[in-house]
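Engineer: Sequence:
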Amino acid sequence: MPPSRTESAIRRSRRSLDKSPTMRPNFGAAVEDDEIQVREPKVPSTNRKTTVGLDRIALEVDGLRYGWHLRPDIYHEEVPEYPTALPVGLKPKDPRPAPLLLEDLECIKTLGEGVSGKVVLVRTTRRSHPLDRPGTLFAMKIVTRKYFRSLDQYSTYDKNCERSALTELPWNPFVTGLIATFVDTRNVYLALEFASSGTLRSLIRKHAPLSASTIQFYFCAIAAGLTFLHDHDIVHRDVKPENILIGAGGYPVLADFGSARKLEADFVRRVIDEDELIKVNEFEERDFYFGPTVDWYATGVILFEMATRQFPYYGKTDKSCARRILRGGYKWPRVKEARLGRTMKAFVDALLEADPANRMGMYGVQQIMKHPWLRNVDWAKVVSREYVIPMELDDPFTTQTWHRDPLPQQKMVPGLRVVKPALYLRHDKRFRGRPEI
Numbered sequence: 001m002p003p004s005r006t007e008s009a010i011r012r013s014r015r016s017l018d019k020s021p022t023m024r025p026n027f028g029a030a031v032e033d034d035e036i037q038v039r040e041p042k043v044p045s046t047n048r049k050t051t052v053g054l055d056r057i058a059l060e061v062d063g064l065r066y067g068w069h070l071r072p073d074i075y076h077e078e079v080p081e082y083p084t085a086l087p088v089g090l091k092p093k094d095p096r097p098a099p100l101l102l103e104d105l106e107c108i109k110t111l112g113e114g115v116s117g118k119v120v121l122v123r124t125t126r127r128s129h130p131l132d133r134p135g136t137l138f139a140m141k142i143v144t145r146k147y148f149r150s151l152d153q154y155s156t157y158d159k160n161c162e163r164s165a166l167t168e169l170p171w172n173p174f175v176t177g178l179i180a181t182f183v184d185t186r187n188v189y190l191a192l193e194f195a196s197s198g199t200l201r202s203l204i205r206k207h208a209p210l211s212a213s214t215i216q217f218y219f220c221a222i223a224a225g226l227t228f229l230h231d232h233d234i235v236h237r238d239v240k241p242e243n244i245l246i247g248a249g250g251y252p253v254l255a256d257f258g259s260a261r262k263l264e265a266d267f268v269r270r271v272i273d274e275d276e277l278i279k280v281n282e283f284e285e286r287d288f289y290f291g292p293t294v295d296w297y298a299t300g301v302i303l304f305e306m307a308t309r310q311f312p313y314y315g316k317t318d319k320s321c322a323r324r325i326l327r328g329g330y331k332w333p334r335v336k337e338a339r340l341g342r343t344m345k346a347f348v349d350a351l352l353e354a355d356p357a358n359r360m361g362m363y364g365v366q367q368i369m370k371h372p373w374l375r376n377v378d379w380a381k382v383v384s385r386e387y388v389i390p391m392e393l394d395d396p397f398t399t400q401t402w403h404r405d406p407l408p409q410q411k412m413v414p415g416l417r418v419v420k421p422a423l424y425l426r427h428d429k430r431f432r433g434r435p436e437i
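Quick note, in the UniProt record's numbering, the sequence shown goes up one by one and the last residue is 437.
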């Protein structure tokens, strides 16, 4: 029986739809694994490609794309919170105060001076916001732009290693945090957290030799800071008593990241200058070992000094001292005040191993934590600073103490206001032999 006119018209329309390049594929119901059933057009071709995106699907036949179409199973339309822009007066305000500016700080004291610049004590003066706290103290490291220009032969990371290291790190109680950075026509300023109880060097000078329990307390806190750095692939490379500050709570804090480096794979060796002073034992004619064990070796030297008030190695020159370090073989002095047990001596000897491959800490901090000398240490309490400090430290109000170093001249720090102290606190040449605070 021949088809009717209606059936013939339907068949012709279906054939025209199948051949039309703008035909949309028909979507079926969703199946398992979030797949979409697509009925492809009946086009005599073997070169077909179906592309399923995150929210759309397309069909391509012989290089001709039939267009992207929304996936109905996951597509949804986003509606803005406000259909029209809010007036300026109705926009919510940020409750936080604005970032500090260099004009909001004033220099009141010089804390120290190094190769790259000075470290001064600054305080805030801004009162424009309810959350502003005028009188808050920070340690400001001032580095001249001329110093950065003198490092043209080094990489960009070597010039900005301290800023890069502190910027990448989250806050930690055992590491001095970076508050802000500033710049003016002469200098670059780094505002850091201020530790008001001096340095570990001043503590050793006043109280060493220390007891074994006191040494253990300070070592565990230093180890917690180094572990935090190594977990973030940073090697300090300049761990010494001068760079370990004592905070207001009595816990040590690592500072001065001017020599810090990113921990690279395989602990590569770096070429250095023969005249460069290396604080660790990996000193050779042209290269040195670049790895986390350099920090553990430095802590071993600090332990030796806290226990004996002496250095393990001496030399008339840096090179002769380095040769003695490479040979090893130091001796423990007889100190009447100190009671050094065999376990503690073995612990220090393992840290001062001349060969980095055999040194304790080469295979992670767990190797150090499992040593018998630290078997009674609760490391969770160390990290949360729950241990009671072994000694009460003198914590004078820093702004009311005598100025051991002169303040910087105003023309040398044009963006930072310098405040002159009282006459009886000003620096002069009457107390040249005065030890550091």
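The reader is advised that the hints may include incorrect statements.
[Said to hold, decoys possible] Derived Cβ-Cβ restraints for the label pairs, each shown as a range: (1) Ala422 <-> Gly341: 31 to 37 Å; (2) Asp405 <-> Tyr147: 17 to 23 Å; (3) Trp332 <-> Lys411: 50 to 56 Å; (4) His207 <-> Glu113: 40 to 46 Å; (5) Asp405 <-> Arg126: 25 to 31 Å.
None of these hints come from the bench; they were simulated from the model.
In this text, all values refer to a predicted model and were calculated from it rather than measured experimentally.
Glycine included, every Cβ here is placed at the ideal spot set by N, Cα and C.
Engineer: Taking the hints in turn, state whether each one holds.
Structural biologist: Now for the hints, and whether the structure bears them out:
no.: 1; hint: Ala422 <-> Gly341: 31 to 37 Å; verdict: 50 Å, violated
no.: 2; hint: Asp405 <-> Tyr147: 17 to 23 Å; verdict: 19 Å, holds
no.: 3; hint: Trp332 <-> Lys411: 50 to 56 Å; verdict: 52 Å, holds
no.: 4; hint: His207 <-> Glu113: 40 to 46 Å; verdict: 25 Å, violated
no.: 5; hint: Asp405 <-> Arg126: 25 to 31 Å; verdict: 27 Å, holds
Hint compliance for this structure: hints 1, 4 are not met, and every other hint is.
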